[in-house]
Every structure is written in C-alpha cells, then in structure tokens.
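Q: Listed below, chain by chain, are the residues.
Protein chains: 2
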Amino acid sequence: MLPTKKIPANVVPRLSRYYRALYEHTQLPWISSSVLSEYTGFTAAQIRKDLGYFGQFGSPGKGYNVEELKKSIRQILGLDRTWNAAVIGVGNLGTALMGYRGFKDQGFNIVAAFDSDPRKTGSTIKGVKIFSLDSMPAVVKEKSIQIAILTVPGSVAQQTAETACKAGIKSILNFAPVHLRLPDSVKVRHIDMSIEIERLSFLITTGDSGR
Amino acid sequence: MLPTKKIPANVVPRLSRYYRALYEHTQLPWISSSVLSEYTGFTAAQIRKDLGYFGQFGSPGKGYNVEELKKSIRQILGLDRTWNAAVIGVGNLGTALMGYRGFKDQGFNIVAAFDSDPRKTGSTIKGVKIFSLDSMPAVVKEKSIQIAILTVPGSVAQQTAETACKAGIKSILNFAPVHLRLPDSVKVRHIDMSIEIERLSFLITTGDSGR
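Taken in order, these protein sequences are the chains called A and B.
Residue numbers for the first sequence follow the working numbering, beginning at 1 and rising by one.
Residue numbers for the second sequence follow the working numbering, beginning at 1001 and rising by one.
Only chain A is shown next, with the shape it has when bound in the complex:
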C-alpha cells in the first residue's frame, strides 16, 4: 500500500527504525503499536500517527500486518531496489564504510572507490577497486553510480563534491565536516560525527535528559 498523503521528511528516519525493528524482531504476522514502541523507543501515539500516512491498515485488536507494513516502508524508502554507491576518499573512515554491512543489507552496493593518492588507485580493498578522481566520469557512467559517500578531509570536500557532480553524481552522503554548496538538484545528507558527540557533551553538561 502506498501512502495516501505526502510523507514529511522528518518522518522518514522513524520509518527506517520501524522497518529495522519489524525486520529484526517480528516472528508474528501482526504487531501492535505498543510492541513496536518497545522495540524503537518512539511512543505508540507517534507510531500510529506516522503509520497513518499509509492509510488504514491497522486492525483493531490485532495491530498492523507485518508483511504489508514492511513492503510499504520498503517502497517509500526506495529499498525495494538496489543502489550503486561509491566511496570518495579512501582513508580510515572510507575503508570502514567500504566494509559496512549495514549498507549492503539495505540494498546499497559499494561498487567503486575514488582517491586522489596515486599509491592507492589501482588497488582493491574489501573487493572494491580504487580509481583516480580523473576517471570518475567514466566509472560513474559505466557502473551506474547513483550515490557518492564522501569521506575526504573537510579542506577538500567542496572541491571534491563539485568534481563528483560534474562526473554525474546526483546524491551525496557527506561525512566531511563542512556544509557543501551545490546545485539544488543534488540531494545531500550530512553525517557529522563531531556534532553528535557535541550533542552528547551538551546533554552531560546541562544534565538534560536528551528526551
């Protein structure tokens, strides 16, 4: 069942969490919002509201049909297909992500890596071949790469992202600690690990519960 209303962007990460919980924990054909609440930490009310976007397929007394819910969320998140991704920047983090099972499990295949260091290009790490930045246009096209995972140092991130866009990349998962200024047509998600640890130090400093 596809959603009956447009799903707001802030609901999307919760759908990912619901999906993961359904995937990992459910052996039964039905699940209630309160059980899903236990597995995810979101309130049952929040869950009912979010799943309300999919129309009425909760059933009183039974809860949600697990298979139907999984299928719907997969479609919404684009997980019912596979995506080809490339790591740009083969340092420690890039290398770790090249072997990160969580990506593969959700249909994200890392099919190439790029680095500016000629000592790295040509070699293969975890089954993924490393190419030069110059060869990006050809490799992106040949391997139908849709997503770039940017793990270069902050000082060269903007420039490298521009190179990737010129090579045909339309979406970037950015691990570099800088705000990328790119055309609106390029989708960007930013994972800033320092910011998350700073949120933690804020919570410790203020004694805030973090909710």
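Don't read these hints as lab results, they were simulated from the structure.
Keep in mind it's a predicted model, so treat the numbers as computed, not measured.
Heads up, a few of these hints could be off.
If you anchor each label on the Cβ, the simulated ranges turn out as follows [to be verified]:
(1) 1023(B) / 59(A): 52 to 62 Å
(2) 1080(B) / 155(A): 18 to 28 Å
(3) 82(A) / 1023(B): 32 to 42 Å
(4) 81(A) / 1138(B): 43 to 53 Å
In this text, a Cβ means the ideal position worked out from N, Cα and C, and glycines have one as well.
Got chain A sorted already, so can you dock chain B onto it with the hints?
A: Only chain B this time, still in chain A's reference frame:
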C-alpha cells in the same frame, strides 16, 4: 555570555554548525547572520532566532562579535573542557573512529578501547591501548572515561551497553543499528549510517528536495 533562556535540544546541532563555521571561516571580528547563513546553509532568520537564546549581543550594522559568540557556544556545548572517551568494539569502524581527528579537535580524547576478542586486547592502535571487556570497570575509573563510543555489531550492542553502564559509563555515542534500552540516567546519542543513506534513497525516489 551564557544563555538567558533554556536552549531546546534541537537547536544544539545548529550551534555546532555555527561554531564550526565561525572557527573555519572568520578572520574578521564581526559576522552578520547573512554571512553565517552562507557558510552553514541555515537561513539568516533561523540563525538570529537561535542566537537570540544568548541574549542581545548582535550589534546593528556590525553583526555578532565572533570571539564572544565562539566562547558562548563553547560553554553551552561543553567544549570549553576536554572529555575522555573510549571506543567499544575495535572493528573497522571503531578503528576509523580511534583516528578521527574531528573528535580530538573538539576536545574529545579517546583514551582507551575495548574488545571481546583476546587477539586484539593488549595491542595498541593509533596510540590507543585495547583492553578486554572484563577490565572495563577498572579502566573507566582509572582513566576517568565519561563517554563510550559503541561500535559493536547490533547483535551484542544491548548487552555490551549494559556492561558499559555497570562499569560506570553514563553516556554513549551509539553506532550500532539498534535502539538501546538503558536507564534514563544514561545519555545516549544514536548515529545510524544506514538510516541516513535511506533518507537519501527516499529523496532520490520521491524527487523531494530534502530542503
């Protein structure tokens, strides 16, 4: 200048971004909200609202005093001190984080690592010694470790987090793709890389701008 009002949790990551932009880009003593907007991607109106929590220290025609603003944000985020952190789980990701400069630059020092694999314990990676899980209570105490960076597989994350809490850890940066069920007194921030890449595939699938 300390904030005149309680700062909501959702403002905190933006403060981190403002701080980073001030730190990296400003050579001048004053900065306007519109210039800060350019460096961070947040609107000038949002920036003025967020910095309004610090009271009135914007100056008409000049903008914000950069040094004063940096100092205030450092205090709020708890970056005016250093924190001792430990990596739990020395796999690819754990190893990458042990060398992640972004943490050190903001005052987060990784002073120990823990792993259940006896072939790893006793060795040193990137200057950080690896200890067994059993030795956690003693090491946490001796090295005054306040933050655990959890990079174990999802299947053992809950159990390992409980071990860390028993050892005296009160705050966890969780990279494992599971919701941790821990006492309210323990602060937890969750970085789920799969969820971020799923947000990206949602944006590509729907053609949403991602705002």
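Q: Measuring from beta carbon to beta carbon, are residue 1023(B) and residue 59(A) in 52 to 62 Å?
A: The hint (52 to 62 Å, Cβ to Cβ) holds, given that residue 1023(B) and residue 59(A) are roughly 54 Å apart.
Q: For residue 82(A) and residue 1023(B), compare the CB-CB distance with the range 32 to 42 Å and indicate the outcome.
A: holds, 39 Å
Q: Could you check the hint for me, namely that residue 81(A) and residue 1138(B) are 43 to 53 Å apart, CB to CB?
A: holds, 50 Å
Q: Confirm or reject the claim that residue 1080(B) and residue 155(A) have a C-beta distance inside 18 to 28 Å.
A: This hint holds: roughly 25 Å between Cβ atoms.
Of the numbered hints listed earlier, not one is contradicted by the structure.
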